[in-house]
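Turn these sequences into a full structure, and let the hints guide you.
Chain by chain, the residues run as shown.
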Amino acid sequence: DQQVKQNSPSLSVQEGRISILNCDYTNSMFDYFLWYKKYPAEGPTFLISISSIKDKNEDGRFTVFLNKSAKHLSLHIVPSQPGDSAVYFCAARKRQGGKLIFGQGTELSVKP
Amino acid sequence: DAGITQSPRHKVTETGTPVTLRCHQTENHRYMYWYRQDPGHGLRLIHYSYGVKDTDKGEVSDGYSVSRSKTEDFLLTLESATSSQTSVYFCAIRGDRTFYEQYFGPGTRLTVT
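Order-wise, the sequence lines are chains A and B. Residues in the first sequence are numbered from 1 upward in steps of one, following the numbering used here. Residues in the second sequence are numbered from 1001 upward in steps of one, following the numbering used here.
Keep in mind that a hint or two might mislead.
Said to hold, decoys possible - Simulated restraints, written as ranges between beta carbons of each label pair:
hint : chain 1 : residue 1 : chain 2 : residue 2 : range
1    : A       : Lys68     : B       : Thr1082   : 34 to 42 Å
2    : A       : Ile18     : B       : Ser1069   : 43 to 51 Å
3    : B       : Gly1016   : A       : Ser69     : 49 to 57 Å
4    : A       : Ser12     : B       : Asp1056   : 39 to 47 Å
5    : B       : Glu1014   : A       : Ile53     : 48 to 56 Å
6    : A       : Asp59     : B       : Glu1014   : 44 to 52 Å
7    : A       : Ser51     : B       : Arg1009   : 31 to 39 Å
8    : A       : Ile53     : B       : Ser1080   : 24 to 32 Å
9    : A       : Ser69     : B       : Thr1020   : 41 to 49 Å
10   : A       : Asn27     : B       : Phe1099   : 17 to 25 Å
As the list claims (entries may be wrong) - 35 Å max Cα-Cα, derived DSBU-like pairs, lysine-lysine:
hint : chain 1 : residue 1 : chain 2 : residue 2
11   : A       : Lys37     : B       : Lys1057
12   : A       : Lys56     : B       : Lys1070
13   : A       : Lys94     : A       : Lys71
14   : A       : Lys111    : A       : Lys37
15   : A       : Lys99     : A       : Lys71
16   : B       : Lys1057   : A       : Lys5
17   : A       : Lys94     : B       : Lys1057
18   : A       : Lys54     : B       : Lys1057
19   : A       : Lys37     : A       : Lys99
20   : A       : Lys99     : B       : Lys1070
21   : B       : Lys1011   : A       : Lys94
22   : A       : Lys5      : B       : Lys1053
23   : B       : Lys1057   : A       : Lys99
24   : A       : Lys68     : B       : Lys1070
25   : B       : Lys1053   : A       : Lys94
26   : B       : Lys1011   : A       : Lys56
27   : A       : Lys71     : B       : Lys1070
28   : A       : Lys68     : A       : Lys5
Just so you know, these hints were derived from the structure itself, not from any lab. Even glycine gets a Cβ: it sits at the ideal position worked out from N, Cα and C.
Written out as structure tokens, the structure is:
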């Protein structure tokens, strides 16, 4: 069973506009949520995180929102830039044991 | 840059042969992880280590074994490679800044023919 889901395999956005990447999770056993960005032929790089007791965390152009009642988190990138084109993974950290569970990834393409 | 290297970066091997992938870190991190990345599955944890000689299984550990005889090296072994183990393998460490962030190596692309 997929505990962390990214239902959109791909997203295309115009440069300068907002990119919104979504992630859903199935239960409340997670204490932190993380976003990673991955370029081809490279390892994932950590982008931003949020604690389960918060509902928003912001870092420059990147903001993560957490809706606990809907078990949903989203990553907003404003403004989007062509260099943001990559695969984005959301991950949830299990409260017990500390393991990360990853979503399937969403490929973002930012068009000039 | 978390000082993580992986070797080899690419490998092609035949079904039934043993394969060992190496992860090396230079910053004395206690926790190390092996993941595989496959289309439609994201990253899945194979095994992890919480210290020298201390390892445990992840969600997809069948067909894999690990060893950690030194803090800096975490080895992943496929005892008898199968085509289903064709994948990209990533090593990660748990960072020191927080207890939940993990930082990844560049990956090893393994093809089993």
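Mind listing which of the numbered hints don't hold for this structure, in increasing order?
8, 12, 24, 26, 27
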